[in-house]
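> Between the sequences and the hints, there should be enough to build the whole structure, so can you do that?
Chains as they are written, first to last, in the working numbering: chain A, 24 to 329; chain B, 24 to 329.
No lab work stands behind these hints: they were computed from the structure. Even for Gly, the Cβ is constructed at its ideal location relative to N, Cα and C.
Some chain B residues close to chain A (C-beta under 7 Å, calculated; not the full set): (1) 36; (2) 37; (3) 62; (4) 96; (5) 103; (6) 124; (7) 129.
Within a straight-line C-alpha distance of at most 30 Å, the following computed DSS-like cross-link-like pairs (lysine-lysine) qualify: (8) B:106 x A:298; (9) A:266 x B:106; (10) B:106 x A:260; (11) A:106 x B:266; (12) B:260 x A:106.
Each chain is listed here by its residues.
2 protein chains.
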Amino acid sequence: MAFTVTILGNSSAKPTSNAHPSAQVVNLNEQYYLVDAGEGVQRQLIRRGINPLRLRAVFISHLHGDHCFGLFPLIATLGLEGKRTPLDIYAPAPMGEILEFHRRYFWDDLPYEVKWHEVRTTEHQIIMENNTLEVWSIPLRHRVPTAGYLFKEKQPGLNVEKFKIEKYGLSIAEIVAAKRGEDIVRNGEIIANEELTYIPYKARSYAYLSDTNYSARAAERVKGVDLLYHETTYSEKENILSKGRGHSTTHDAAKAALKAEAKRLIIGHFSSRYKDYEQLAEECRDIFPETYIAREGETFTIEQRG
Amino acid sequence: MAFTVTILGNSSAKPTSNAHPSAQVVNLNEQYYLVDAGEGVQRQLIRRGINPLRLRAVFISHLHGDHCFGLFPLIATLGLEGKRTPLDIYAPAPMGEILEFHRRYFWDDLPYEVKWHEVRTTEHQIIMENNTLEVWSIPLRHRVPTAGYLFKEKQPGLNVEKFKIEKYGLSIAEIVAAKRGEDIVRNGEIIANEELTYIPYKARSYAYLSDTNYSARAAERVKGVDLLYHETTYSEKENILSKGRGHSTTHDAAKAALKAEAKRLIIGHFSSRYKDYEQLAEECRDIFPETYIAREGETFTIEQRG
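The following block contains the structure:
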C-alpha cells in the first residue's frame with residue numbers, strides 16, 4: 024500500500040522563475056489529498072501526472088495567498104472536467120466566505136458541490152477519517168490562524184501466520200475470526216490470537232507543519248512521525264527576522280524534527296533569497312542528519328516497516 | 024522606439040502541462056502593459072525577464088477565471104516587492120467588487136493603491152492615454168461582457184530634413200517651430216511646413232480581440248491594424264460548437280484579419296484538445312496568409328515603417 028508525498032511547490036510568498044508556492048500531494052493507497060494550493064497548483068498536478076479529478080480532499084493550512092490562490096482556478100477547472108462528486112475542503116475560517124464569493128463571481132454553473140469543513144486552528148483534533156486514514160489538525164504559530172496536518176495511516180489488519188494455519192488446521196471461518204483479533208476456541212481449549220497472528224507492518228504517518236514559528240507543542244503532537252515536513256523559510260542567520268514573521272529557520276525545523284523523534288525531515292517554503300537549498304539542508308543536518316530538501320517534483324515514499 | 028507583444032500564455036480555460044492561460048505584455052518604448060492575467064502570470068513575467076514592478080497598467084478583457092485569476096496573486100507580490108506607485112487596472116464590472124473582496128481577505132496591508140477603471144464593454148472609446156499611446160475599448164461578442172483592446176501609438180513628432188536646414192539656413196528657433204508643424208515666415212515670405220518636414224514613421228497599432236464570436240464590427244474598429252491578435256479556440260470543423268460558446272474558429276479569426284486589413288494575424292487561446300497548433304495556423308492561412316501562432320514566450324515586434 025503506497026504512502027507517498029509529492030512536492031508541487033517549495034517557495035514562500037513570492038514565486039520565482041524556477042519555484043512554485045506551497046503545494047503537495049499525499050497519496051495513501053491511490054487516494055490523493057492536496058495539502059495547500061499555491062498559485063499554479065492545477066498545472067503542477069498535470070505536470071506530475073496526477074489527474075486533479077482523483078483528489079479526494081484538500082487541506083489548506085492558512086489563508087495567505089501563497090497557500091491557497093491556486094485552489095480557486097483548480098475548482099473552476101474541475102467543473103470544466105465534469106466533476107460530479109463533492110470536493111471536501113478542510114481549511115480555517117473564513118474559507119467559507121471566500122468560496123461563497125468565488126461561487127458568486129466565477130462559478131455560477133459549477134456541476135459539483137464544494138464542501139468546506141472548518142478547521143479550528145487552536146485545537147488538536149481528528150478532522151477527517153476513512154477506512155485507511157485519520158487526519159489531525161495541529162495548531163501552529165503563524166501571523167494568522169494556521170493549522171498543520173498529521174496524516175495517520177490506520178493500523179493495518181492482522182495477518183495469520185501461514186505455518187500456524189497448517190499446524191492447527193485452521194478453517195476459513197477460524198482464519199477470518201483470527202484476523203478480527205479473536206482467540207480460537209476448540210473443545211474448551213483456547214488458541215490465543217497472538218499465537219496465530221502478526222501485524223504486517225506498523226501504521227505510518229506524515230506531518231505537514233507550515234507556516235509556523237518553532238513550536239515544541241506541535242512537535243510533541245506528531246511524536247514518532249515517519250516523515251515530517253517543516254517549513255524552513257530562513258537560514259539560522261536570519262533567526263530574529265524569522266521569529267518576527269512567524270516563520271522558522273533551519274535550526275527551528277531540525278529541533279522540531281528532533282523533538283518529534285521524526286525518522287526523516289523534509290524542509291521547504293524557502294525564502295526567494297536562497298538559490299542554494301543544499302546550504303540550508305546542511306544547517307539542518309548539524310542538528311538532524313536525516314534532512315531532505317522539498318525539491319519540486321520529488322516524491323518521498325514512506326516504506327512499510329515491520 | 025520598441026513596440027512589441029510578448030505571449031505569456033495561449034491556452035483557453037484549462038491550462039495544460041505545457042500551456043498557460045491568456046496573458047500578454049505589450050511594450051511600447053519600455054513602458055509595459057499587461058493584457059489579461061491568467062493563472063501563473065507573475066511567474067511567466069519573471070521567466071520572460073520582465074520585472075512585474077515595471078507594469079504601468081493591466082487590461083482585463085472579461086471576468087472569466089482563465090483571464091484574471093493570475094491578477095490577484097500578482098497584486099499581492101507587487102506589495103511584497105515594495106511597490107509604492109498606483110497600479111491602474113482597466114476591466115469590466117464587477118472587477119471593483121472583486122478587488123475590494125481581495126483587499127478585505129488577502130491584502131489588508133498592501134503598500135500601494137490599486138485603481139480600477141471601469142471598461143464599458145458595449146462602448147468603443149478611448150480609455151487610457153499618455154504621451155505615446157492611446158488605448159481603445161472594442162466591444163466583443165462573448166458569453167459575458169467582454170472588451171477587446173486597441174493599442175494605438177500616437178503619431179510620432181515631425182522631423183526636419185537636414186538638407187532643408189542647410190538650404191534655408193534655419194535657426195534653432197525655426198527648427199523647433201517647424202517640428203511643431205508651423206510654417207516659417209521670413210520678411211513676409213512663407214516656407215510651408217510640408218516643404219521642411221517629414222513624418223519619421225507611421226504610428227503603429229496592436230489589437231487584442233479575445234474572447235469573441237466573429238464580429239465584423241470589431242474588425243472594422245481596428246481597421247488597418249499592424250498586428251491583430253484574434254482568439255482561435257477551435258478548428259473550423261468545430262464551428263457550431265464554437266458559435267454556441269462565444270468563441271472563434273480559425274476561419275473566423277482569418278476573416279476578421281481580412282476584414283480589418285491587418286498586416287499580420289496572431290492566433291491563440293487554443294482549446295486543450297489541440298496539440299498541433301500548426302494545423303490551426305494552416306487553416307487560417309487558407310484565408311489570411313500572414314498568420315502566426317501565439318507561442319508561449321514568443322515576442323512579436325511591430326517595426327517602424329515610413
